[in-house]
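Visitor: Below are the chains, spelled out letter by letter.
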Amino acid sequence: MNKRVLQIFSFIMVLALALTGCAAPAAPATGGEAAAPAEEAAPGDLPRNETLYVGGLQWGPFITFNPVAPQITWPNGETMLIYEALFGYNVATGEIDPLLAESFTMVDETTMEITLHEGTTWQDGEPLTTEDVIFTFELGKTNTDLDISTFWDYVTEMTAVDERTLQIKLNPERLNVGQVKHFLTRTSPVIPKHIWEERATGDTPISQFVEENPIGSGPYQVLDYSTERVALQRFDDYWGKDLFGLPAPKYIVHPIFDSNDTGNLAFQQGRVDLSQQFAPQIWQMWEDQGLPVGTWFKEPPYHLPGNIPMLHINIHKPGLDNVLVRKALAYSINYAQIAETAMSRYSDPAQPSLIIPSGGEGALFNAEQVAELGWEYNPEEAVRILEEDLGATKGSDGIYVLPDGTRLGPWKVLACYGWTDWMTAVELVAQNAQEIGIDITTEFPEAPVATARRNAGDFDMIIWTHTGASPASPWARFRDALDIRGVPPMGEVAFWNWNRFEHPDVPALLDQVAASSDLEEQKALYSELDKIYLENIPTIPLMYRPLEFYEFNESVWTGFANADNPVAPPQQNYGGIRGYFVIQPK
Amino acid sequence: MATIAPVSNAVSVRPGLLEGLRRSLAIATKRNRRFWFSLSLLTLLIAFSLFGPYVFDKTDPKRLIGGLYDSPSAEAWLGTDNFGRDVFTQLMFGTRTSLTIGVIAGLIAILIGVVIGTTAGYHGGRIEESLMAFTNIVITIPSIVILILLSIALTTRSVVTMGLIIGVTSWPWTARAVRAQTSSLRTREHVDIARISGAGAASLILREILPYMLSYIVMAFVLQLSSGILQEAALAMLGLGPSNAISLGIMLHWALLWESVRTGAWWAFIPPTVLLTLIAFSLLLLQSSADEIFNPRLRRK
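Note that the protein sequences, when read in sequence, are chains C and Y. For what it's worth, the working numbering labels the leading residue of the first sequence as 14, then goes sequentially. For what it's worth, the working numbering labels the leading residue of the second sequence as -6, then goes sequentially.
Excised from the complex, chain C in its bound form (with noise of 0.2 Å):
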């Protein structure tokens, strides 16, 4: 070849590589000298081996601090490090932590007590007493846009015995000890009375309040945020510190970043300490690597269950309304597959349940029955389906039609953009799908797009988790899964029940097993409340995801809690407070 050959062979290979974006291979990391690069060190930066990086929990510029507001800029209400709730939720344990306070009795079978550790304090000195927790909560009856509106659905009375005493008077109607106890961990952290009472009465609603200089109870304080990175400075004076320690970092870093690459690359070069991002195949970084990096488990699946990504289906579209339908596209669907691509190998096979098969809802599951009713991936039960029991004929283009006509699709699945694991589920779906002979295609609308049209029923089948673990699990789950109540029609925004299943048994299975405090008594009507499941299918679930994701880096900070060594639950939120206590500069 001539030399204009070679000028144009080499023009088209730069340009191909501009295309792919990889003109510049990321560098290979190289494990702990590369803990502390230089550019961490930009002007007014801080020491590195006081520093914790985390990473995942915030996308985007600083927004407020208000932790009653939409929208929170991290360290947001759910970790603990500036505001902290009543009790920490472990999700390793499925049990309340205690955090602001010390214990909670059931009195009688409505009445919770609830007893603050001594000496809580505010960061400026105030104390933090039972009227800041009656304050903090009672905002929800005024402010009917807050999440906490609804804990007044489960309470009637909240009341100040003395300064560290509180008793709740439970809702006789709708008794919902987890509910509860589930308001007390995550809905809201404690706000003090005396800054924001005079916020709460103003004209402008209290969520909408932008805190720039949030004074709270906890371990930290904002140091400073810009578009870059949200910084936290250790607060020495801290209440607890007697009882639960300071924490080792004296700062901690949040910094922004532009993708989920970005900050996986970031976490792998060390440069991020603790990290809740979906990072692929993340066992080569200890396996290939050689790098000082860790989970929760050092074997798949890697991460604790926590939540159930599931196909909703709008059961109201011609053919979708047809539960042989769906039954025969679940059985189409390879979940170990799914499993093993989209969600990484962090997930075991999804079993057809409304209940995580382990962790703190494991006690609850019935293997039997879900061996019995359910459905496993096999293609020619599906078209055994399609063809016996619905008698439906295979049309010239593959797809088969109901003898009345109905063709099965074209239908959408949607994932919102940039959700890789849900993005590459959905797409295993459609596959799946059309190997039997039902035409589904994917659609991948941003996220904001998805939520509203997930919210208004707006699909044919759409990617989406129900309430994960917490301590109203699996009860919320199956709330959230079958419960018409309080859920508008079609069109209109639901919070729940998004393709508006509808059940005459449902809502008193759920009121009871609510109420009830017997372990053999749920599992019995949890059972009853899967068999409808099971028998209707109104979502499909697909894989299992963590709350959070929990990947660590030692290379500056060790120490960090695994299931070997579970001083700390696998989180950064809630009951994950307690790891920040357990590491140590290395």
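Everything labelled a hint here was simulated from the structure, so no lab data went into it. Careful, some of the hints might be misleading.
[As the list claims (entries may be wrong)] Label pairs and their calculated CB-CB ranges: (1) 37/Y with 58/C: 51 to 59 Å; (2) 73/C with 138/Y: 23 to 31 Å; (3) 52/Y with 157/C: 56 to 64 Å; (4) 142/Y with 548/C: 41 to 49 Å; (5) 231/Y with 261/C: 42 to 50 Å.
[To be verified] Covered stretches of chain Y (chain C as the covering partner; in silico rule of three or more C-beta atoms under 8 Å from a C-beta of chain C): (6) 58 to 66; (7) 72 to 85; (8) 243 to 256.
Fair warning: this is a prediction, and the values are worked out from it, not measured in the lab. Where a beta carbon is used, it is the ideal one built from N, C-alpha and C, also for glycine.
Based on the hints, put chain Y in the right spot on chain C.
Guide: Same frame as chain C, but now just chain Y:
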């Protein structure tokens, strides 16, 4: 990348068209090794995409044969993709889709470009002014933006639709160049003679003008084809490729989403990149060497 460079003025004015072609090919055979090299490379790529699946007995690109990014092995010669499908099989089908889209886009663009270009060039005056004004307006709008908007508007995009939308956004350069050629050809004597003999405008364009630009149009098509393939790749990488299909761009899209660069799964992103490069390279080389054959001015050099 979104536009094509105008082809150099290569109008064969030889009256005996077949004779000219014969002589051109004779010269090509003797002298132009680049022409034959690029033609063979292109033929090889087309054969790979059309017959490869049967030759290698890999006819189902969607068959799941392994896990997430399995390394190359005896069964999966180029490893597996993020779905656990064979990358090598995907390459053959992906090349086929990419070529198909390119051909459709190229044909559409040429068709629109030639119709507008010859009409404007032949008639001149107001018609020419308005058509060229329209063309110039379309040129100023970045075609990638139109492509993205069109692709978003269509929730289901078949291979044909993709070819269509790429085709209808990439014709202006061809139209401009064809107009220039037509304006110069219409004053030729043989055109005048035909006009005096009473031939209509359509007949004149078809019989007296187009044949003299044929080589030129073929070369423009080759360029449109190559740019169509690259545009498809760009769109597919943004997640706007054809639905339920496999193309080289879609392969790259998933490879990027699944961080194959970071995880070291080179087989997911290098093979489609190389294939795209080879296709574009062979087409550009074919165009530039064919230009030398058909263009007497270049030929003499």
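Visitor: With reference to the structure, classify each hint as holding or not holding.
Guide: Going down the list of hints, with the structure as the test:
no. : hint                         : in the structure
1   : 37/Y with 58/C: 51 to 59 Å   : holds, 55 Å
2   : 73/C with 138/Y: 23 to 31 Å  : holds, 24 Å
3   : 52/Y with 157/C: 56 to 64 Å  : holds, 60 Å
4   : 142/Y with 548/C: 41 to 49 Å : holds, 45 Å
5   : 231/Y with 261/C: 42 to 50 Å : holds, 44 Å
6   : 58 to 66                     : holds (count 3)
7   : 72 to 85                     : holds (count 3)
8   : 243 to 256                   : holds (count 10)
In this structure, every one of the numbered hints holds.
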